[in-house]
Every structure is written in structure tokens, then in C-alpha cells.
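A.B. asks: With these hints in hand, go ahead and build the complete structure from the sequences.
Residue numbers (our numbering): 1 to 490.
These are calculated hints, taken from the structure and not from any lab test. Be aware that a few hints might be false.
[Said to hold, decoys possible] Using 30 Å as the maximum straight-line C-alpha spacing, the simulated DSSO-like pairs for lysine-lysine come out as follows:
1) LYS420 - LYS133
2) LYS327 - LYS149
3) LYS115 - LYS101
4) LYS346 - LYS51
5) LYS51 - LYS485
6) LYS277 - LYS133
7) LYS346 - LYS485
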Amino acid sequence: MWATQIRSNAAKASISCISVNTQNNRYLSACARLADDHEYLPVTFDERHLKKQARWSELFDGLFSYCIGLYVCMELSHPSPLSKLLSTAEPKDRISYRTIKPWIGDGLLVSSGEKWARNRRLLTPAFHFDVLKPYVGIFSSTANIMADKWRKILSKNDEPLEMFQHVSLMTLDSLLKCIFGQTGSVQNEGRDGSYIRSVYQLTELVMKRFQFFPYLIDWIYYFTPSALQVSPMLQHCPRILAWSDSRQEGREEKKRSRRNQVDSQNLDFLDILLDAKDSDGRGLTDEEIQHEVDTFMFEGHDTTASGLSWCLYNLARHPEYQDRCRKEVMDVMGDRSDVEWDDMSKLTFLTMCIKESLRLHPAVPNIGRSLTKPMTFPDGRTVPAETDLGIAIYGCHHNSALWENPEQYDPERFNAENSKDRPPHSFIPFSAGPRNCIGQHFAMHEMRSVLAVCLKNFQLRIDDTRILELLPQLVLKAKGGLWLKVTPIE
1 MWATQIRSNA AKASISCISV NTQNNRYLSA CARLADDHEY LPVTFDERHL KKQARWSELF
61 DGLFSYCIGL YVCMELSHPS PLSKLLSTAE PKDRISYRTI KPWIGDGLLV SSGEKWARNR
121 RLLTPAFHFD VLKPYVGIFS STANIMADKW RKILSKNDEP LEMFQHVSLM TLDSLLKCIF
181 GQTGSVQNEG RDGSYIRSVY QLTELVMKRF QFFPYLIDWI YYFTPSALQV SPMLQHCPRI
241 LAWSDSRQEG REEKKRSRRN QVDSQNLDFL DILLDAKDSD GRGLTDEEIQ HEVDTFMFEG
301 HDTTASGLSW CLYNLARHPE YQDRCRKEVM DVMGDRSDVE WDDMSKLTFL TMCIKESLRL
361 HPAVPNIGRS LTKPMTFPDG RTVPAETDLG IAIYGCHHNS ALWENPEQYD PERFNAENSK
421 DRPPHSFIPF SAGPRNCIGQ HFAMHEMRSV LAVCLKNFQL RIDDTRILEL LPQLVLKAKG
481 GLWLKVTPIE
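C.D. replies: Laid out in C-alpha cells, this is it:
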């Protein structure tokens, strides 16, 4: 455990507390409960941490700083300072993103400087609308495979289903098809469950590094039992799936076989990376392609699964919105079982429900930046270079100064009338600015497609026997899983 100090730049208050991992220690749990009665921000990585983040965001005008061991960090959760920071291409922070670099490599998520700028330019065509169009058919197909699985399970018993488990495998299925053009389905074949388990376990190990300060020091961490668990898990991660020896050997053959099909719209993500060239004709190296595929596999799988699962949960909590979405889906799709590209722009209320779910339960609760030079915010306060800045997405989305009744799920916040006067950067589920999520349109189309299939086939209800507790990790999950009662619509 380590001391965590919080300083309010607005109120010039300074309070310290102990940051603890309370999972298996009754004494430390009591300390954490005691802290709830005071103005502390214990780094416990549970629901209390998110609630405190939202509370401090309001108390200190969306700008406060704290220390994690030897690292000084500042949290931003108000549109004014966020607009300043997010308009830049400052690199990701030095703490959290360093811990996942051995996992996903030096792709867009963690790279910086000229390398990031160049690769961002080369990857942007992979997310053009013309490339995304055929992906909608893939999203619809994999969602229908999941729906068939649910029907088979529910024909044997009507027990609640755990959403993250099913949706994660479905999003992985979609990615393997969109990235590699893979045929078949991992949902039917039962493969790659080891990859998903490894993602969960690696996430837990990464979070442990933040709960014990010495683990953030690399040379100490590499001698710990936790570090020894990492290497075996990496064998099941996207690097192995994306860049096995057989794929490496077939790289030139794949390029030769496609030379007469360059204008085809049905290119997978790997095709586009292989063809990407600078103005001087220089393309991505094998290692760069590997890192970008690893990054896209991680970001496109777990984050989208989180966003989808929470949207299913929120619609289950609010049957009136669920029914309205279902009617819209039925009106748009009619008797079709597959979603089409032209449906995307017609699912307006469903899109509002997705956005409100991403506000209430952002897939990624926190991101970070590290300043390469001093930055002065609109209120005149200046932050020195080499400061790590945390972007508290959850805190921003739950700030009552920005959102009326922020804990209430209300899709009408995102109708045209209510959206027109909203301050920029008050809604940032995909970040914003030059370092925003390059795959946000991919994710939104996938969520629309999957939800349309689910709502057309099933009625969703809350499982009242389980108490929901938020679990903020690299992505937002639910402690013990997110369980829903699912009833087929005949």
C-alpha cells in the first residue's frame, strides 16, 4: 500500500490517505469504509473509486491533483481544461500505458511523436466508411450466431446469462473476420476462449501494479510472482493469433494474390495495413503491423464488449426504452434477420440509447496523457511539463454541473434539441481530438448491429437476485459478472 495525497488547486486543500487493496483483508476494508466518511480518494479500483472521482470532480471544478507513490498526477473532468488538453497530440501517460506495452506492443494506443503521427496517417484509411460498409454484414452475422447459441441454451434452462462472457466471444469473432478475413466462427468452434481468459487475467495483473506502488518500478516488478504469470498468458494474446509463422510466410503470397483486386471494397484490416504506403512509398514494417493488429484486437474486443454489455443492461433496466428501440428495429428491418449498412442511419433512438449508456457506463473510465511542455488552462492555471494528466471520463460524465440528474439513464439527453447547446468535450467515451479512438465508427456500427439483432430476437430483464457493483479496470466491468434474464421472442 502507499500514501495517496490529493491537493485541490481550487480550494488549496491538502488531504492524505492510504490507498489499499481491500479484496481479502478485513482490516483494510474497514479503513476504506472509514475513508468514505471523509474527503479521501482511496485508490481501491472498485465502485467507490468511481463515485469518489465523480464527487471530487464536482467539488474542485473538475481539476485536482494527487500523488501515486513518486508520481504526481492531475485529474481533469471538466470540458474547459479537457478541451485544451485533448486538442493536442500529447503522448499517453508514463504510468498506466507502460504496463500494457509488453502486451500490445508500440501501436497507436501507446506510441508517440512522429511514429504515432505517421502510423495514424497510414491507418486512417482502414476506418473509412467505404471499408466499414461490408463489416456491418459481419457484425450482423456474428450477432445472429450468438442469438442462436442463446436460443439453444435457453431451450434447456431459463437461467440468467452472463453478458460479458457471451458478448466478448462474439466481438472476438467479429474482429477475427474483419482483421484477417477468417471463415468459420470461434463461437461455434469453441476456440480462443484461452485468449479471452488471458485478457481477463492480464487485466487483473496490470491493475495489481497500481495497488502496490513498488510494482510500478519495472526492475522490482519483474522479480515478483505476478510478473512470472504474464509470459505464459501472452502466448494466447493477439500477437500469436495475428502473426503466427504461417501468417508471416504467407504475407507476400497474400499480397501477390490481391494485386488485381486493389480496388475491391471487401478488404480486411490486414489487407489495408499491408498496402499502406507513405508519400515516399515506404510502408509499415512487419513489427509495426504486428503491433497495430495487437492493439486493434485489444481495443476492438474488450472495450466494445463492455459498451455492448452495459447497453444491454441499461435497456433491461428500462423496459420502456427497450420496447421503443425494438419497435424502431422492427420498423427498419422488417422481416430481415440481417442488419444492413443503410439501416445504420435509421436507428436514431437506438443510437441515443447507446450514447446514454456510454455516458452512464463508459467502456473506458479513465485515460491519461503526459505533458511534454507546460500547459496553461483557460482559467489561467499552468501545469508544468512532465506532469501526468488523467482524463476522468467517468467523472466528467457524472458531473452534475454538466448533466442534470447524472445517475439517471435518459436517452433523450442525446436528441437534437438537447445536444445542440452541450459544451464540447462533456461527452467523450472515445476521447476527442487528434488522439481520439480511431475505431469509434467501427465500434458504433458494431453496437448498433448487435443490439438490433438482440432486440429483434429477445426480451431482456434484470436479474434481481444479484447486486450490481461496478468494477473499473482497463475497461468497465461488473464484479461477479453482468447477468440478465433473456427470453426469446417467437
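A.B. asks: LYS420 and LYS133 were given as a pair; does the straight-line alpha-carbon distance stay at or below 30 Å?
C.D. replies: holds, 28 Å
A.B. asks: For the pair supplied as a hint, LYS327 and LYS149, is the alpha-carbon distance within the 30 Å limit?
C.D. replies: holds, 24 Å
A.B. asks: Does the structure keep LYS346 and LYS51 at a Cα separation of 30 Å or less?
C.D. replies: It is violated: about 36 Å lies between the C-alpha atoms, which goes past 30 Å.
A.B. asks: For a C-alpha distance cap of 30 Å, please report whether LYS346 and LYS485 respect it.
C.D. replies: Roughly 28 Å separates the two Cα atoms, so the pair holds.
A.B. asks: Going straight from one Cα to the other, do LYS115 and LYS101 come out at no more than 30 Å?
C.D. replies: Judged against 30 Å, a Cα distance of about 15 Å means the pair holds.
A.B. asks: Given the proposed pairing of LYS51 with LYS485, does the C-alpha separation stay at or below 30 Å?
C.D. replies: holds, 27 Å
A.B. asks: Would you mind confirming whether the straight-line C-alpha gap from LYS277 to LYS133 stays at or under 30 Å?
C.D. replies: holds, 23 Å
Checked against the numbered hints listed earlier, the structure breaks hint 4 alone; every other hint is satisfied.
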